[in-house]
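Quick note, the sequences are listed as chains A and B, same order. Just so we're aligned, residue 93 is where the first sequence starts under my numbering, counting upward by one. Just so we're aligned, residue 1116 is where the second sequence starts under my numbering, counting upward by one.
These are calculated hints, taken from the structure and not from any lab test. Just to be clear, a hint being listed does not mean it is correct.
[Stated by the list, open to error] When the alpha-carbon atoms are kept at most 25 Å apart in a straight line, the in silico DMTMM-like pairs for lysine to aspartate or glutamate are as follows:
id, chain 1, residue 1, chain 2, residue 2
1, B, 1188, B, 1144
2, A, 106, A, 155
3, A, 106, A, 175
4, A, 149, B, 1146
5, B, 1185, A, 195
6, B, 1193, A, 195
7, B, 1170, A, 195
8, B, 1185, B, 1144
[What the hints assert, rightly or not] Pair by pair, the computed Cβ-Cβ distance ranges are:
id, chain 1, residue 1, chain 2, residue 2, range
9, A, 110, B, 1193, 44 to 50 Å
10, A, 122, B, 1169, 20 to 26 Å
11, A, 120, B, 1212, 18 to 24 Å
[Unchecked claim] Just so you have them, the derived chain A footprint on chain B, three or more residues with Cβ under 8 Å:
id, segment
12, 1161-1170
13, 1215-1226
Each residue gets a CB set at the ideal place from its N, CA and C atoms; glycine is no exception.
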Amino acid sequence: DTGVSQDPRHKITKRGQNVTFRCDPISEHNRLYWYRQTLGQGPEFLTYFQNEAQLEKSRLLSDRFSAERPKGSFSTLEIQRTEQGDSAMYLCASSILTGAVTEAFFGQGTRLTVV
Amino acid sequence: AQTVTQSQPEMSVQEAETVTLSCTYDTSESDYYLFWYKQPPSRQMILVIRQEAYKQQNATENRFSVNFQKAAKSFSLKISDSQLGDAAMYFCAYQSGNQFYFGTGTSLTVIP
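Please model the entire structure based on the sequences and the hints provided.
Here you go:
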């Protein structure tokens, strides 16, 4: 296992189209996060899974956004009816829930451009 | 609400010199964790150093060390003997419970 992987790395789409991103976390990690990062900003939390359960969603996650983690392994983030304001880097991170502190491991991100 | 503030959008340092990046945070929690992440251009974010809030001793990882002042809610990163490969965006992050909160980042330039 080489870490968190995200696919695709880049996506260009026309406004109004739907897009779906995939994240494969580190295999033994039970926590999975989605973040959005725009230029000059730090990552903003979107949603969080523990195993297959989506436990928390940000107010940033409008009803056009949906995320799933059906078997507690990989996750998908779908954006429906994309808008230009959705253009950003979408980051996935995973971590493992243990008694000790553990950092989040990040993927390389999917850069979305809505034209 | 938890917030993380990095007041230095950009910093520069001469190669081999020392630089300190600032971070403050706001929380009402007593148990939390703090991290510095490095994000090189077009590359993924990687952990530089972590600090548990219950530990008084400042964390150190080779050339990287922190100055953790819990009462002041300050968590600065010191990079000693700066190298060209240290050039990147640096993000301070706070974790409590399920979420990580990130600052807006400091862009570090290393001058040869």
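Hints, verified against the model:
This hinted pair checks out: residue 1188 (chain B) and residue 1144 (chain B) have alpha carbons roughly 11 Å apart, not beyond 25 Å. Between the alpha carbons of residue 106 (chain A) and residue 155 (chain A) the distance comes to roughly 19 Å, so the proposed pair stays at or under 25 Å and holds. Under the criterion of a C-alpha separation no larger than 25 Å, the hint pairing residue 106 (chain A) with residue 175 (chain A) is consistent with the structure, at around 8 Å. Only pairs whose Cα atoms come within 25 Å are accepted, and residue 149 (chain A) paired with residue 1146 (chain B) is accepted, the gap being roughly 22 Å.
Taking the CA atoms of residue 1185 (chain B) and residue 195 (chain A), the gap is near 20 Å; set against the 25 Å cutoff, the hint holds. Only pairs whose Cα atoms come within 25 Å are accepted, and residue 1193 (chain B) paired with residue 195 (chain A) is accepted, the gap being roughly 20 Å. The hinted pair formed by residue 1170 (chain B) and residue 195 (chain A) meets the criterion: a straight-line CA distance of about 16 Å does not exceed 25 Å. Taking the CA atoms of residue 1185 (chain B) and residue 1144 (chain B), the gap is near 11 Å; set against the 25 Å cutoff, the hint holds.
Checked against the hint of 44 to 50 Å, the C-beta distance between residue 110 (chain A) and residue 1193 (chain B) comes to roughly 46 Å, which is consistent with it. Checked against the hint of 20 to 26 Å, the pair residue 122 (chain A) and residue 1169 (chain B) passes, with Cβ atoms roughly 24 Å apart. Range check, residue 120 (chain A) to residue 1212 (chain B): Cβ separation about 21 Å, and the 18 to 24 Å hint holds. Against chain A, the segment 1161-1170 of chain B contributes 4 residues with a C-beta closer than 8 Å to a partner C-beta. That satisfies the three-residue criterion, and the hint holds.
Evaluation of the coverage hint for the segment 1215-1226 of chain B: fulfilled, as 6 residues show C-beta separations to chain A shorter than 8 Å, against a requirement of three.
Comparing the model with each numbered hint stated earlier shows that all of them hold.
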